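Going line by line, the protein sequences match chains H and F. Just so you know, we're using the working numbering here: the first sequence kicks off at -17 and counts up by one. Just so you know, we're using the working numbering here: the second sequence kicks off at -17 and counts up by one.
Calculated from the structure, these hints are not laboratory results. On a predicted model such as this, the values are computed, not experimentally measured, just so you know. It cannot be assumed that every hint is accurate.
You can't tell identical chains apart in this list, so a pair holds if it fits in one copy or across any two.
What the hints assert, rightly or not - Restricting the straight-line Cα-Cα distance to at most 35 Å, the calculated cross-link-like pairs of lysine-lysine (DSBU-like) are:
# : residue 1 : residue 2
1 : 103       : 55
2 : -1        : 165
3 : 89        : 189
4 : 93        : 13
5 : 59        : 165
6 : 103       : 22
7 : 138       : 93
Now for the letters of each chain:
2 protein chains.
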Amino acid sequence: MERFSNISMAVVRRLPKYYRYLEELLNNDIKRVSSQELSKITGFTASQIRQDLNCFGGFGQQGYGYNAEELHKEIGKILGLDRLYKTVIIGAGNLGHAIANYSNFDKSGFKTMGIFDVNEKVIGGKLKDIEIMHMDKLEDFVKDNSITIGIICTPKAYSQEAADLLIKGGVEGIWNFAPVDLKVPDHVIVENVNLSESLFTVSYLLKEREESNNKKK
Amino acid sequence: MERFSNISMAVVRRLPKYYRYLEELLNNDIKRVSSQELSKITGFTASQIRQDLNCFGGFGQQGYGYNAEELHKEIGKILGLDRLYKTVIIGAGNLGHAIANYSNFDKSGFKTMGIFDVNEKVIGGKLKDIEIMHMDKLEDFVKDNSITIGIICTPKAYSQEAADLLIKGGVEGIWNFAPVDLKVPDHVIVENVNLSESLFTVSYLLKEREESNNKKK
DNA sequence: TAGATTGTTAATCGATTAACAATC
DNA sequence: TAGATTGTTAATCGATTAACAATC
Chain H
-17 MERFSNISMA VVRRLPKYYR YLEELLNNDI KRVSSQELSK ITGFTASQIR
33 QDLNCFGGFG QQGYGYNAEE LHKEIGKILG LDRLYKTVII GAGNLGHAIA
83 NYSNFDKSGF KTMGIFDVNE KVIGGKLKDI EIMHMDKLED FVKDNSITIG
133 IICTPKAYSQ EAADLLIKGG VEGIWNFAPV DLKVPDHVIV ENVNLSESLF
183 TVSYLLKERE ESNNKKK
Chain F
-17 MERFSNISMA VVRRLPKYYR YLEELLNNDI KRVSSQELSK ITGFTASQIR
33 QDLNCFGGFG QQGYGYNAEE LHKEIGKILG LDRLYKTVII GAGNLGHAIA
83 NYSNFDKSGF KTMGIFDVNE KVIGGKLKDI EIMHMDKLED FVKDNSITIG
133 IICTPKAYSQ EAADLLIKGG VEGIWNFAPV DLKVPDHVIV ENVNLSESLF
183 TVSYLLKERE ESNNKKK
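Can you make the complete structure from the sequences, with help from the hints?
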């Protein structure tokens, strides 16, 4: 995946966190926040927070701090959350269901337009008013409905095929839950969520902790 | 979360990837692999791969490379995959179902012993031979069955409560899918999977790409 | 004006890459 | 032995932290 700016991914991955913390502040009717206060909440250093934000512009005011509402809105814009993204889900299993039912994505502008599977038993059914179609129809559906993001929730074996169809249909981004490194052209954005890798980190840390405890004895 | 060794998290998060790539090599009957070949497959530099592996010991042989099977096994041990982990899932919604049904975790030594919810409609039912119980019983169940990992698949609002019960019951690690920073004692390991943060990265990158394209015109 | 806090430059720290001697 | 490739040290690069002048 090619990158198009010199903002580091480390910064990019902190942006959704800032966004979430600011939302929380707004929910608690807090209007104003300094980098120092944000530091306490987020665990990042105040210095880092100011550096991060200044990658995108000077959103604060000396002597005052940041206006929580304004900063929240600005970060939303930076994250591209001021737009609508049409998505399709491939794989109508439990994970596909979970994603389709997660209403927070809708709220943030991600709209599921279709769900695809190869299992004849589920095809023709509906999931939250969204039709489940055969994977044969994926490419045309993506084309006809200007889908921008494909969400791959298939088993490993179908994931590359799904990606190929999505790309032929013209999606710009893929959110991939299959434990596979998809082969995609340079201009297509892929974000992987690899649950095994995440779980294995837990077992690693448990083992590390245990070993360290043993040494102390 | 306290750390117990000086291995950096950057290294730790690459280990599951090495493990997965080696598995693939083994499936293709490849017995031997050099850091250079691994570099081609993984996208990491050969130098980085050798550095990473040497954090844990010298698994290779000069002039030969690494024995794929042995290295796979060793990394498995490092990740703590040579053990059995008893887990519980809290939240029997779609995501809980997806996790419970994901057979790969079983294969890696993670065994779901119980599922918990507050919805009377699902309590008493079974999911893949695993009983769905009321969250009231969570703490005792964790204690009585020596559960080591709790998997939180509840809505945001229940996640801290679930974490508290798990910790009172004595779990050592929490795999958290709720978009919340759980408050836990220092010795408890928490691994967050925040789907919104992941999805927002996609929209960020789409927007970044578009802006860069606009500039070129 | 005085106090507070940003925006930004400089210093530090840590992670990645390069290089090469050791050795199979 | 000659060739290949590791293990490991040194050099580089990038990200984080510290410091402080600018300014509200």
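Checklist entry - Against which earlier hints does the structure fall short, listed by number upward? => result Hints 1 and 6 contradicted; others consistent.
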